[in-house]
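A.B. asks: Between the sequences and the hints, there should be enough to build the whole structure, so can you do that?
There are 2 protein chains.
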Amino acid sequence: MSNSEKYDRMANAIRFLSIDAVEKANSGHPGLPMGCADIATVLFTRFMKFDPKAPHWPDRDRFILSAGHGSMLLYSVLYLTGYEDMTLDQIKSFRHLGSKTAGHPEYGHATGIETTTGPLGQGVGNSVGFALAERIMNATYGDDLVNHYTYVLAGDGCLMEGLSQEAISLAGHLKLNKLILIWDNNSISIDGSVSLADSTNQLERFQASGWNTLACDGHDQEAIAAAIEAARNSDRPTLIAAKTTIGFGSPTKAGTNKVHGSPLGKEEVAATRKALGWEYPAFEVPSDTLDAWRLAGLNAAKARAEWEKRFAAAPADVRAEFERRMSGQLPGGFDEAIAAYKEKLVADKPKVATRKSSEMALEVINGVVPETIGGSADLTGSNNTKTSQTKEITPGNYGNRYVHYGIREHEMAAAMNGMTLHGGLIPYGGTFLCFSDYARPSIRLAALMGIRTIFVMTHDSIGLGEDGPTHQPVEHMAALRAIPNHLVFRPADAVETAECWQIALESQKAPSTLALTRQNLPTVRTENTDENLCRRGAYELAAADGEAAVTIFATGSEIEIALGARALLQGHGHPTRVVSVPCFELFEEQSDGYKQDILGGSTLKMAIEAGIRQGWDRFIGTDGIFIGMHGFGASGEISDLYKHFGITPEAAAEAAEKVLHKKPH
Amino acid sequence: MSNSEKYDRMANAIRFLSIDAVEKANSGHPGLPMGCADIATVLFTRFMKFDPKAPHWPDRDRFILSAGHGSMLLYSVLYLTGYEDMTLDQIKSFRHLGSKTAGHPEYGHATGIETTTGPLGQGVGNSVGFALAERIMNATYGDDLVNHYTYVLAGDGCLMEGLSQEAISLAGHLKLNKLILIWDNNSISIDGSVSLADSTNQLERFQASGWNTLACDGHDQEAIAAAIEAARNSDRPTLIAAKTTIGFGSPTKAGTNKVHGSPLGKEEVAATRKALGWEYPAFEVPSDTLDAWRLAGLNAAKARAEWEKRFAAAPADVRAEFERRMSGQLPGGFDEAIAAYKEKLVADKPKVATRKSSEMALEVINGVVPETIGGSADLTGSNNTKTSQTKEITPGNYGNRYVHYGIREHEMAAAMNGMTLHGGLIPYGGTFLCFSDYARPSIRLAALMGIRTIFVMTHDSIGLGEDGPTHQPVEHMAALRAIPNHLVFRPADAVETAECWQIALESQKAPSTLALTRQNLPTVRTENTDENLCRRGAYELAAADGEAAVTIFATGSEIEIALGARALLQGHGHPTRVVSVPCFELFEEQSDGYKQDILGGSTLKMAIEAGIRQGWDRFIGTDGIFIGMHGFGASGEISDLYKHFGITPEAAAEAAEKVLHKKPH
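Chains A and B are the protein sequences, given in the same order.
Heads up: the first sequence begins at 69 in the numbering used here, then just goes up one per residue.
Heads up: the second sequence begins at 69 in the numbering used here, then just goes up one per residue.
It should be emphasised that the hints constitute simulated quantities derived from the structure, not laboratory data.
Please read these numbers as outputs of a predicted model, since none were measured by experiment.
Heads up, a few of these hints could be off.
Note that identical chains are pooled: a pair holds if it fits in a single copy or bridges any two copies.
To be verified - Here are the computed lysine to aspartate or glutamate pairs in the DMTMM-like style, where the Cα-Cα straight-line distance is at most 20 Å:
#1 K663 <-> D691
#2 K577 <-> E297
#3 K92 <-> E705
#4 K424 <-> E615
#5 K117 <-> D153
C.D. replies: As structure tokens, then:
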């Protein structure tokens, strides 16, 4: 058998595992695996360095299937190259509940899945973060320990999503030359020909953002190999436009949208077997081909053996630090630094905005945690995300710790996810809370994957004032809290801000969002506690003087208002407690007993938050009083706005008294 | 005075009104109005057709300030050209609560504001919808009645946002040659030089998507005029890269980020007055310059006088229909068509997915409402958005009613907003509910503006099955309901779907989202009602047999499960009522008495929805039973998923009985 025949058979193994799995599941997307099988064969047999026996090896090349609907391509390759958890049974269980082979690749389900993809454009967005992380880690650890490529396979859908433009322009700007994007240029989308909706010259588009661009026949394995080889030697990121036929091999459906997202059907499967000369039953890979694939897996792993030698030769402290960072563990001294900082805050009692408190906390954190990477979507001075330790990363110079993401909130989030997934770094990035909407698909994926990405969202209410309702979050706390497995913090002062940062950094299995004020807030945590009280999600900040008649729940800037209302109510003989609720999600994790205590039994309940009520009924019940927003905000001075919308100590106390006076004593 | 001097003074009038307003407000963005004053002067004195006395004149040119932070540019021009509601007092009240001159331009606050901008990229996104609407209306009404340009002024921020790429590529594809984008190419963003974050060659980028591109000195009014003239004669949309100096005229801050978003300060204001030779006190425009501007307003209005003549000459039925469409009123026969269709449904009792019900409803609607414009973000066959009346709009051929938006959910929403704002059309567009996240910033703006844009969101739960958690909305109903002034519908069958569509079309002051199933659902509204019951937001679908012990609230596909649970519970002696809740927002608008009745007093309360609990406590209280999702979904067959997540009639009945047995009888 010629080499060319061998490689054709290897590609056909991908095609038929994919066809058969989709057929058995009676659901899925055969078109991409059939169209991209040649690309995957070239990439995984000739270029990718990886070790199926050590799938988490830090210096592996990363492969990201941005067109996640083609998941069977990835699953097939993982099985064929010998990843132990990707068994033939898993392939046969494609899209069945409980299998590792979900409809779209799910990070954490099987090894070799570097990121969860499916929502289009996200893998492209992630890939820039992977490639940037590689360069940042390389700047610290050198070529011996970190020196690998990031390959991303994307379809027309990925390239039409606006996110891809943000990714492309950022990668081009940063000259991330070890990023190689292979475009499955099949000219077909779900509705039919891509030409129904797009006429973009993609090569010119990428060139405009500083990319190297190449084109090749996506079914000519030598041409693909030549393109990848050239891409690896470029001083810029590279687009390879690989002209493919979707559903390659299917006699009647290839090249059409019929093969994109539906099983081929029994007859067409048989016809495709015939057309491609694949005479084996479903799910059977002939031993010569399987052996060739397994050998490719062994060959790809040689790079790891060499790396292990280099790693072993590195100084012990470098090895230890590298391993710590890749493991995600925080360095020694972190807790102590936070504790000392909290003590200082309690002594100083600063009156600053929580965005400033966040900067102060970061100044401490960035001093003891060398792997944090700051950034902002062009609001550095407003988000307060830059500290003395974080100088800018610039094109070609990656030895620093701050990313100017540009006005690209979505890509900031997607890139941060990529950095987190790469390992060794803890990215945080800022924008206005209102514009969390722009980044929402990536925030959701961070939560779904369960990874530590940290979103710094400032200007968190009408408190931002004059910029008006387009910039004033109203529903955003509710909308962000709605995302499962997502820690949404709204700290009330500098102490809570420090505590929330501590939790966010410790949270390895969930992303965090910190909602922070523009306006100054007094320190309300005036006594030091060893315990991180924010870990409780909600806690009694101020007890009632006497048997509590009222419980006020509040967050962030409205804690000051709650304390003001408490003073008024207590002055009128109504003992009132104030509960700070920095994080709904963490509160739900507490014991039933703790939760009952906090909720305050039969006291009159009130919540104050300069956002909508949605979600607060859980604390105050349907009969509780809510002081907050009932619609969009307005442009005006902050004090005018709070008065206009009735979010003041006086309004809160009055609303409570109205009910208290009706109550029997 | 030479013409050139006159125009310079006219531009300076914009500059100083803006400088003075920002200074008085002690907040705002002087940099853009100062930098773009020459552009605005050329555009409004030499090209734009508009009539300050008739600001809603249908065939006016549209000017969209995508860089909304430069709002004072627009307010200044509106005042100077003589819009009656834009008084000098309004200019002096810039950014004060209750003024028409909000921090960012707010649609509906003052005439001449075509759309709300501020969140970057949105105006560019809208502009494609405006320009497309113009061509669609032109195709029906001809050059005599509809023939105008859409101008959009955008900054670097707008162009960095991914949304702009979706907009650019769609506009280029559709060859919208009456769209002219002027790029305020000032090389400055908030963090500093644009080169901190971007190196894109914007001209090449636009060319790659089929745009005509021009460049000019943004302070040479003759050069600007020549560029606009050339753009108007292009057969493609045009980018004009106007090289400007941000904060033009400020001796020490021009060309820097210091002038972007802060008042100049007293000294710098004085220095700028000196530098530009503007010797007038704050807010004073010398009479020669004001007269020149007012004359420009009168000249711009001449086109309207000619149009009125042409309009008067059109046949009466054409005039009447044109006016009806521009007014937003639905045509006669609409209610009757819906009523007849509902009757038919009740007779037929189809068992179809609500996405299919939606298509069936649209088949009726599109037959009687000629101004609907359908579309999908490349999921036409899945969203069921295309009917027999809606053929594709193609490049250069705008006489049809369906837009292939491509895989561009965000631009679809932004473009639909633009079409709605243009007037004469009712756009609706589809994607998967999960990907509403991609479009969220534009959905929010539709709600903030209070306009009738209709979002068709199918595959609305784990009921989509095998595609898995990346595609399964869980938190999306809650997140969409959180947006104020937004009607979020989740109909339970074909009858409710028809009713929800009727409400969505009638809703001229709020956008609507319809959440629709992939899976088939039985008809549960088996008796015809003249009343549109969905208008109530929630209504009793099935009364209890006997005095109700249990109230089950549910939506969409979970109504069937609620009815199943009701049957089980009633079989065990627990009379149970089922309340369908197609729209939370409309329920809140009902009378207190109605709401009390629906909420079901002291009955045991349960809600069933295949999403998260957030928001449901309002119906069931904190002690109610919630049957739904507690985290992300999973990839698997639909029946497996519903069982796995415990969303079945059996699980619901069991949960209710557990509580009922504890209750004293």
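A.B. asks: Taking 20 Å as the upper bound on the Cα-Cα distance, should K117 and D153 be classified as within, between, both, or neither?
C.D. replies: within (19 Å within a copy, 67 Å between copies)
A.B. asks: At most 20 Å between CA atoms: does that hold for K92 and E705 within a copy, between copies, both, or neither?
C.D. replies: The answer is between: 12 Å across copies meets 20 Å, while 62 Å in one copy does not.
A.B. asks: What label fits K577 with E297 when the C-alpha limit is 20 Å: within, between, both, or neither?
C.D. replies: neither (37 Å within a copy, 57 Å between copies)
A.B. asks: Check K424 against E615 for me: Cα-Cα at most 20 Å, and say if that holds within a copy, between copies, both or neither.
C.D. replies: So K424 and E615 fail the 20 Å test inside a copy (37 Å) and across (59 Å) alike.
A.B. asks: From the Cα coordinates, with 20 Å as the cut-off, is the pair K663 and D691 best called within, between, both, or neither?
C.D. replies: both (19 Å within a copy, 14 Å between copies)
The structure shown violates the earlier hints numbered 2, 4.
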